[in-house]
Amino acid sequence: MSCLGCGGKTGEGILLCRNCFEMIGDPTALMPSLLDPTADMRLNRLNSASMRIGPFHSSDVIFGRGIDASLRLRELIHSGDSGELSVFVDRYLSYIGVDLRLYGIERLPHRNILLEVLKASSKLEDGTETGARASIRIANVEMLLTKEVIKLPIDPSGLYPFVNSLRESAEELYERSRSYRHLEQIAKVNRAAIPYFTGEIDQSLARLEKLVVEEESEEGKRHIKVLMALALLESGKEDMAMGIIESLSGEKRDWKIERLMSLAGRLK
Amino acid sequence: MKDIKESLEQRLVERISEAIATLDANGFREVAIELLRSMEIMVTGVAKYDESLMIEAEKKEEKYLIFISRRASDASLETLKVIREKAKLEERIPGLIVFGDFDESARKFAQDNEIAFADRSIFVALLRKYGIAERLLSEIDRRILEREGPRYLPSKEKFDAALQAAEELMKRNKFKEALSSIEEALRIKSDNFAAWQKKALALASLGKIERAIEACEKAIEMKPDEAYTWYLLGVFKGQSGDLLGEVHAYNNALKLHPQMAPALLNKGAALYQLGKLEEALVVYDAMLRIYPSHAQALNNRGLVLKAMGRTNEALKSFELALASDPRNLEALVNKASLLSSLAMINEAVDAWQEVVRVEGGRAEFWLQLGHAQKAAGLFEEAANSFNMALELNPNLEEALAERDEALAAGDMIAVFDRKKKEGVVSEFLSAAIILSSLGRYEESLAEIEKCLKIEPRVPFAHRFRAGLLLNLGRMEEALASIRESVRESPSDKYNLLDLEAIVYRLGRREDSLRILNALGRCPESNARQLLLLLETNRTNQLEPSSLEGNGGISREAMALLCMASGKYHDAIKLFEDFLAKGESTPEILNNLGVCYRLIGDLERSMESIKKAISLAPAYPDAWNNLGCLYYLTAEYTQALKCFDEALVLDTRPSFLINKGMCHLARDDLEGASTSFLSALRLEESADALNCLGIVAERKKEFVRALELYNAALEKAPKFHDARVNRDRVLGLLKEGR
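Going line by line, the protein sequences match chains A and B.
Start counting the first sequence at 6; every next residue gets the next number (the numbering used here).
Start counting the second sequence at -1; every next residue gets the next number (the numbering used here).
The hints are simulated quantities; they were obtained by calculation from the structure and are not laboratory data.
It cannot be assumed that every hint is accurate.
Unchecked claim - In silico BS3-like cross-links for lysine-lysine, where the CA-CA straight-line distance does not exceed 27 Å:
id	chain 1	residue 1	chain 2	residue 2
1	A	128	B	609
2	B	174	B	127
3	B	451	A	226
4	B	79	A	242
5	B	172	B	46
6	B	716	A	193
7	B	253	B	274
8	B	86	B	46
9	B	565	B	716
10	B	491	A	14
11	B	304	A	156
12	B	274	A	156
13	B	579	A	124
14	B	79	B	57
15	A	128	B	579
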């Protein structure tokens, strides 16, 4: 085969050589994205109120564009204010759809700033709840990226070090939530799903099965069950997945469960 | 009765209108671009529709999105709204040039929304100003005169027109009609070389090779030193089976133009067909000295070497061709065939896989891949490939037999589910994703098309295609593609969210709301719904209960909606919730400060806005709002400093008006006038005009004040303050002051 980037010879089934993969400026572009404008972009166009001194013919307050996210991020990195940086990252990722609980079925809009946000992980505030939340969200994005990139026919000599570095970074970021029990519980489940995202589904299922017994909250149980059902569906164990899905179908339906049922419905 | 000047003027406008209407799509495009260039506007992108163009352009620092249409119905409020939304989305200044007439409401909308627009009369005036109209009219005149025949014009014009028409027809593959035009041209000038050359081409395209050769020879008679005609003669001779004549013709072409690549290529091919392999090799070696990485020459050389039995060299030559052009299908196929014939089984499998990756829509290639896989013992894969061949050509009996044989050899159950095909489909999808990440959208799109050709019902492929089309600015096609995805997978929320995003980009807010209503609850759709309510000013549809279980983005949108609907206490509660959770951002603090101001709590308002500034010192709205608070507490010097700070960060008319009001409060009429005038220069708004009226009135310039108030009321007839001011000044003027 030949590389789509440079035309050079590659191994069996490989469409992108190591060099060309490493030269991709923004690997997050490899993730399937949600088309713009998504809600965060629309909000930013309206979320700054500006007063007017009368008399005027329309409203006394105008809603205009808020601060540009890229500028704000750069400003915060430059100022070294890790507290405010954590608030920014936590809010930004949450607004583009990165929940604290990771499922792997999320789809994010493509943003040039996303890579800069991921790189900011080392500058986040350690030891605060906001810092922990921001860290979990960054780790979640790293795992979503891993899940997608690992499916692509990229030269393993470039792909595996990349995936390993994402995995190690995510593990370390999830670890930052240890001082906050409710966050730690969520991070534990997300961590258990890491092998699922890197293709080692059985390993992940074993961890999740253990966690579902220990988990106390209903929301936490639901999170784990959805992940288990997704992993089972992906590994072709549809009957087992259906068992879990049926146990979830009586519960409060949210978009994740609906998505899961739709995936299962297609497979049935 | 109209005077003669007016009638002539009207006639001229009509003639220019006719000239525009008769232009073909390309002609209209050229005129539009010429007009913008004449206006010193640099065109950076053009999307062509039936009767209109969407143009991205730049002038100095400004970026524009200009819609130019010759359809009168486009001079409408609806079009203005669409262009405004599109431009807003792209952060460009909207502009509209239409060959129609705007009604009053459309004009007002354009003025209120800062949309630069030109209607029929301005369009015509611009065309005249830059001399484009004159050129168009002279072209029309020429055509009219041409129709009238030779008594008005020398035959040259008619000859040129006939030849031009022939060329256009040939471009559209209408060779029969083209031939008629050429004959017409030759009736005017029977000794024209170009006409004979064109005639030869048209005849050849109609399959009349012998007559094409005659026409070619006639052209050569007239101009024997024209290499291209000799080359054409060679091609036609080859098509007629006269290979020696073909070589002779190419030799003559090459004498005149020794580096003519097509002649070299074809000469080698003709010699190859004549069995003169050594001579063919000499030709290709010579050609490669001139063009060392010419993929086709390398490929042809490989074929010659293969025929000479020099297979290793042949293989090398094909590989060199592919190094130069990795997607050269001929070289790929020749390499794969050679490897198969050399029984280099694994290499052949790889090579045929590469062939189907580049061209996956041809059954014969899948068949060959299947043969190679079967030979390599890859029975399952082989059966899959034969199946693909059958999908593409159900009558291919060889594939059917081979597939069953492969299944039997592999001891497999003959069940071919879609998973097999998904393997191929996923390869195209992967290629599309990778190419897109490399920014090669066109190529990525080509991969997706291949995927959809094999499997037209992959929702992800349709969705990905939509994203690519959006990147390429092909909005309507993107919409069609995402609709396909929704059709295939209607329960996928992401499909519907993508559909809504495109509909939103097209400015169809009502459709957006309908889609979001149908979507049911998910954080993204809830947030979009709330923001649409805010955008479309439907604050009465607020349902605070719908916030339950929603993320921060919906809560922030809801707080803005509360503000917009005057529910300041509710908004304050929501903003304070953010702060309590440690989620303070400059915008939230600023908006909270504005809410406090609106319920009269100036102290808290100032505290909150100052916090916003301390978080983001370059936040213009917060500086402006702080200025407004100082104004309210009559601390005008401080207020002016804040407005200046805001203006340094962003020169907005509303900031300038606020600054002017501050000057006014200090009785600094000159300062106020300067600020209001600056605001007016940026935006000709009713507010700025009214403020200037106040200044004029304070200066006792009542007539001027009246003019300004009237101008403000013209822009905003319901502007209460301006009306009161005008009535007061009218009263003063009546009293004779």
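Comparing the hints with the structure gives:
no.	hint	result
1	A:128 / B:609	23 Å, holds
2	B:174 / B:127	43 Å, violated
3	B:451 / A:226	43 Å, violated
4	B:79 / A:242	52 Å, violated
5	B:172 / B:46	24 Å, holds
6	B:716 / A:193	61 Å, violated
7	B:253 / B:274	20 Å, holds
8	B:86 / B:46	20 Å, holds
9	B:565 / B:716	25 Å, holds
10	B:491 / A:14	40 Å, violated
11	B:304 / A:156	40 Å, violated
12	B:274 / A:156	51 Å, violated
13	B:579 / A:124	25 Å, holds
14	B:79 / B:57	23 Å, holds
15	A:128 / B:579	21 Å, holds
Going through the hint list in order, the structure does not satisfy hints 2, 3, 4, 6, 10, 11 and 12.
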